[in-house]
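On the provided structure of chain A, position chains B, C and D as indicated by the hints.
Number of protein chains: 4
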Amino acid sequence: MTTTRRLAPFLGLFLLAVSATASAQESDDARRIRFPNVDGFLTLKTDLHTHSVFSDGEVWPSIRVQEAIRDGLDAISLTEHLEYQPHQDDIPHPDRNRAYALAIESVGNSDLMIIPGSEVTRSNPPGHVNAIFIKDANRLLLDDPLAILQEANAQGAYVFWNHPNWLAQRPSGTAALTDFHRQLISEGLLHGIEVVNDLTYSDEALSIAIEQELAVIGTSDIHGLVDWQYRLAQGGHRPITLVLAQERSLEGIHEALKAGRTIAWFEDLLVGEARNLDLLLPAMLTVGESAQYAVYGGDLTSVLRVKLNNNSSARLILENVGPHRFHNSPRVFTLEPGEARTLELKTGSNLPSTELELKVLSALVAPETHPVLTLPLQIGG
Amino acid sequence: MTTTRRLAPFLGLFLLAVSATASAQESDDARRIRFPNVDGFLTLKTDLHTHSVFSDGEVWPSIRVQEAIRDGLDAISLTEHLEYQPHQDDIPHPDRNRAYALAIESVGNSDLMIIPGSEVTRSNPPGHVNAIFIKDANRLLLDDPLAILQEANAQGAYVFWNHPNWLAQRPSGTAALTDFHRQLISEGLLHGIEVVNDLTYSDEALSIAIEQELAVIGTSDIHGLVDWQYRLAQGGHRPITLVLAQERSLEGIHEALKAGRTIAWFEDLLVGEARNLDLLLPAMLTVGESAQYAVYGGDLTSVLRVKLNNNSSARLILENVGPHRFHNSPRVFTLEPGEARTLELKTGSNLPSTELELKVLSALVAPETHPVLTLPLQIGG
Amino acid sequence: MTTTRRLAPFLGLFLLAVSATASAQESDDARRIRFPNVDGFLTLKTDLHTHSVFSDGEVWPSIRVQEAIRDGLDAISLTEHLEYQPHQDDIPHPDRNRAYALAIESVGNSDLMIIPGSEVTRSNPPGHVNAIFIKDANRLLLDDPLAILQEANAQGAYVFWNHPNWLAQRPSGTAALTDFHRQLISEGLLHGIEVVNDLTYSDEALSIAIEQELAVIGTSDIHGLVDWQYRLAQGGHRPITLVLAQERSLEGIHEALKAGRTIAWFEDLLVGEARNLDLLLPAMLTVGESAQYAVYGGDLTSVLRVKLNNNSSARLILENVGPHRFHNSPRVFTLEPGEARTLELKTGSNLPSTELELKVLSALVAPETHPVLTLPLQIGG
Amino acid sequence: MTTTRRLAPFLGLFLLAVSATASAQESDDARRIRFPNVDGFLTLKTDLHTHSVFSDGEVWPSIRVQEAIRDGLDAISLTEHLEYQPHQDDIPHPDRNRAYALAIESVGNSDLMIIPGSEVTRSNPPGHVNAIFIKDANRLLLDDPLAILQEANAQGAYVFWNHPNWLAQRPSGTAALTDFHRQLISEGLLHGIEVVNDLTYSDEALSIAIEQELAVIGTSDIHGLVDWQYRLAQGGHRPITLVLAQERSLEGIHEALKAGRTIAWFEDLLVGEARNLDLLLPAMLTVGESAQYAVYGGDLTSVLRVKLNNNSSARLILENVGPHRFHNSPRVFTLEPGEARTLELKTGSNLPSTELELKVLSALVAPETHPVLTLPLQIGG
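Residue numbers (the working numbering), protein chains in the order written: chain A, 1 to 381; chain B, 1 to 381; chain C, 1 to 381; chain D, 1 to 381.
To be clear, the hints were calculated from the coordinates, so they are not data collected in a lab. Accuracy of the hints is not assured; some may be wrong.
Copies of the same chain look alike in the list, so a pair counts if it fits in one copy or across any two.
Said to hold, decoys possible - EDC-like cross-link-like pairs, simulated, lysine to aspartate or glutamate; straight-line CA separation at most 20 Å: (1) Lys258 <-> Asp227; (2) Lys258 <-> Glu211; (3) Lys359 <-> Asp268; (4) Lys307 <-> Glu267; (5) Lys135 <-> Asp95; (6) Lys359 <-> Asp278.
Bound-form chain A, shown alone:
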């Protein structure tokens, strides 16, 4: 019976058009996802694959909007299955754009962006494929999956392959290209691939992304509640795609996706092409303005104190691979979200400058391949 949720009474009163924004903005800040902008681009947080009751999800589109606002996302897409409509006895609505329209209504004063989208739901190949930035989902209701993707592309869609590791279609759990996928790629009809979907990550999908120059995508594919599925109260988060965009707009996201400037975030893992992690990591992981040699008992030592900051919501697992060992830390260590930690490096002698080299074990640029971040250290007087 809350003021903002109350139904209008019978016979004549109107439904209050209350946006989801107000109550969501009052909510606890703990779950808000934060990543810094990078050199030359904004870091937008997106979930490009979600469901509502308009296909096989368990919530009205308004809940997807409120979850996204609470998570601090910039954009989501409600990608209902075109062909799979288990609620059709109850929701026979013929308009496949309906979830999008309701989500737009729910956005209210929030600046959350809603990307129109649909999920093509076929046996493999091609399996399931998301087409987002489409103009009219109804025109995708075609028999031939190739025809659907051609139509989607004709509408200007961004198209990505969903959960190529899905056990229902790949009992081995390993993603693998088919001739059909190769055809789609060669014809420019397929642009991205889910390397992360819900509770899974796929090394094979990452290899395909790199080899085929498909963008690395991570999505929740949420059907139930984000709070439960990703155990937010215990510190979890939904998988998302970070999009490095030139501007905060639908066009900005579209351009960045097409240009492959994406990174998926799953549990503690950041996964993406090296060129993208090379942009993100130096923004996430920074050192204080100047390092200082420790003084002990009035004497200068050759132990250099450096403040290392994690400017993000991601827990980082780091390995010291640089020229200097630590005095006050194991060589493999974690840096919690938002943590600032002072590391002490044994530099052997008093250097005018040096560097910190960290292998980011919680990031991948290829299967079994972790990026190394080199942080130059300015040494203060």
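Relative to the frame of chain A, chains B, C and D by itself:
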């Protein structure tokens, strides 16, 4: 793309019939609501007023089921508005029993009970009224509200008045009986009243309950998500009705409601008839087997040590109104959920037995009237 | 082997004079005690009764200093027992000012104030008595307790009666004046009384304070560790005395104590003379600039929304005793430290102004007597 | 003024001999350190290097005892500096066994073991050296450090080199053997080396331990409070040495130390000889009784589900280096204290048995060398 939530693929695979139970039972225990059974009755936890997309709620019935399982409830009712169907363009389903049927399907192996119910949604009088334990909601689709309630009663329904303090119908926020309500009561058609609804509590509704011998009801009337509306991550809980039942069954709940054995729980407040709180409080608030006089420096003192236990999820606010002052506590104090606290009473001399008298400031048996619990103390050797 | 704690090496190196301040100031903010200043006075947080190894405590004076800095106190006194020196085999130091001197050394750059003091440790009467603001503890080493207190007063001391409810001297736990105490008071030698000591509170001591015009004092009397004794990790706090002072200085504290401007804080309880709580409560408990009538469905209601703020570290237990009932809260409720809560008052009609009357159940101005705070409400347009 | 801590009153009453045990055992369980026993040995938790006011520490020995009980340790040693006595003006006690004697008194009914010990405090070489299991510290008060260590060994001592990386003596922070140390080792006078001391870890010390067959030791070297120095409220822990002993006794610890069966625990890092981590890791990190292939949509997949348990208080950082990739986890991941996590392995086909191979990045058996744990998997029907 979770194993348990995955949709069936296109053309030929069947939807996995996975109950909501498994994942919910794995969930964190922190939110599970606990109240002890009382002398002669089971204490069942119920939420008798909720909504799904089948009227103006924002979730599929399966979410209501999962929320209830996570909260440890014994029973819920999905009481969709009969007349108010804002989603009817999308969900034109003519069967008003549909939400109930879907909830039953979602229960799976859980022992959660689903009570069939509907909300009659009229201007005041009678305002909104819930009829639960009905046989067929469709037969309630009548013009005349009196006729609806007569039909509901003919079906064996339990009927209660919803949010008589609702600002849309009572801009003063004060509940007040009308002649129409008096008629319903005198004809035996109305059996309970919401003293608690969502985020509100009404002293006037409590007075009406007592004067008219209507059962005290507390409900969430949830439309969105319980997790958000009641800030579960910050320790909140949804409002519920505790039903003191002879057995754990739909019949047991029905009988207890008709007999008025109910207590509403809202924030820290327990509200109900004195006869019901007289049953519940001695089970919630117990003392250790025997109290002991403190010994100091080898000498017996006249300070009596008593262990006081809160056997429930409710925070208690207590006031010492007994014959003895405390040595180690303010006279007004809280006892957190599950807390055991040793109180020290200054009895003046060494007594063979005495008692602890606590006014329960977080309980009400009438407006401005808090019950007093007398706990006899056996004093050990 | 920390940089700041390291011992100097053998033969020739000097001990680093590292104050306790740096590491303590880096510590977690959660335990810092906060109370607002009041009309005309600063609210200083003090613990006037503590022990170190220089009588029967378990820590070096430096730990007392660091605990106080972490707790955000303004002043403490190390009040070692003059006569009771159980560690004298190990610490035979004859100078009773030694703990004070070491504490002063430990303060470093912190602005914590150390008040010189000693505990007179006699059988009852007079029992134990603290003399603070003394000039030389050694001159208090006299046989006759009266002579001690005369000497202390001659030194300008502030003198208060410790734990008059102590079970070793009062097996009933009840404080009671003796002729000797009456004599001390009438001669102006005794100025305050511990109404709160460690884990105990005494109604009888409060009565004596009021009748005899002694200042209400609350102290930890800590011997072990504050962190453990008061369960800080679980949200507890040490008992303290709030001193309403004209300036932040030793003189300011001394003047305020002599003038009786004190309030003791113990668990959730604030206890003091009415004139002092009448100063503190309006600073602790404030309402937003203007209250607003709730609007529902476009219509003005007579439910007034008021934001109530708790500007302190004390949990408040409040009872609505004003002319208007709440719409969204029980009449007895808690307001957590730092919490802001919007209350809804049912004013019946639209008033130009009104007031909120709250009985503060977690405060006492006399045994069984809780102060009432009246908050005028300006109602916005 | 607590019952258990109260001083005895003046003139005639006796000091209550209250052990520290009772209150400590009531304390919160969160800080208790847990490690499982291993094949053939008990895993005892020890802190072999601590200080009290009897050298340059800031607490009475009783606090060291209570901290250890709260941490769940099996044994500690109070290793006061023989030569460095900055509190000697206040504590001129000539008996260097005094801290030990007071600690023993404080143990009360607890089963905490106190190991007699002293810290030899010299310039480098030999720097600081701990001799524990000594018979009489006073007989170590000799000028010549070699003579001290000979005497200690004659008393049956276990001797280890303290913080060889200490900045006061090694401004580079790097541990390095001297001829004097080589002599001590060759003569059997030096048996262990601190690879971990307080907030530091030394790779060079680990190399020395391995090359010279010295036991790997980790200690807190605590001078202030364990709660503060290791931020227990934020989930930290003190550094300790795990001793793999044949029996829970002083003799058992002594034998195990001499046999080199030790592992140091520092932050997330476990460091020790390979033979010892080969014992500990299989006990800490176990798999459920049988793994199962996942079934999806009624069909058997080749994704194997394995439950991995962390049976300890240590957070583990793990890397999958086995033959199978994960379906539901990054290859580098953490396993929190006490966590059980179900991993899904893509085995390619349905195997009768296989294994999980995990590199333990949070363990070291040599500088830059992490142990690999191979866990055989029984696959259920």
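**Item:** Up to 20 Å CA-CA - Asp227 versus Lys258, copy category
**Value:** Intra 31 Å, inter 37 Å, cutoff 20 Å: neither.
**Asked** Between Lys258 and Glu211, at a C-alpha cutoff of 20 Å, which is it: within one copy, between copies, both, or neither?
**Response** within (16 Å within a copy, 56 Å between copies)
**Asked** Which holds for Lys307 with Glu267 at a C-alpha limit of 20 Å: within a copy, between copies, both or neither?
**Response** between (25 Å within a copy, 18 Å between copies)
**Within, between, both or neither, where Lys359 and Asp268 count as close if Cα-Cα is 20 Å or less** = For Lys359 and Asp268, both the intra-copy (14 Å) and inter-copy (18 Å) Cα distances are at most 20 Å.
**Request:** Have a look at Lys359 and Asp278 and pick one of within, between, both or neither, based on CA distance no larger than 20 Å.
**Result:** Answer is within: at 12 Å inside a copy they meet the 20 Å cutoff, but 26 Å across does not.
**Request:** Give the relationship of Lys135 and Asp95 under a CA distance limit of 20 Å: within one copy only, between copies only, both, or neither.
**Result:** within (13 Å within a copy, 34 Å between copies)
Hint compliance for this structure: hint 1 alone is broken.
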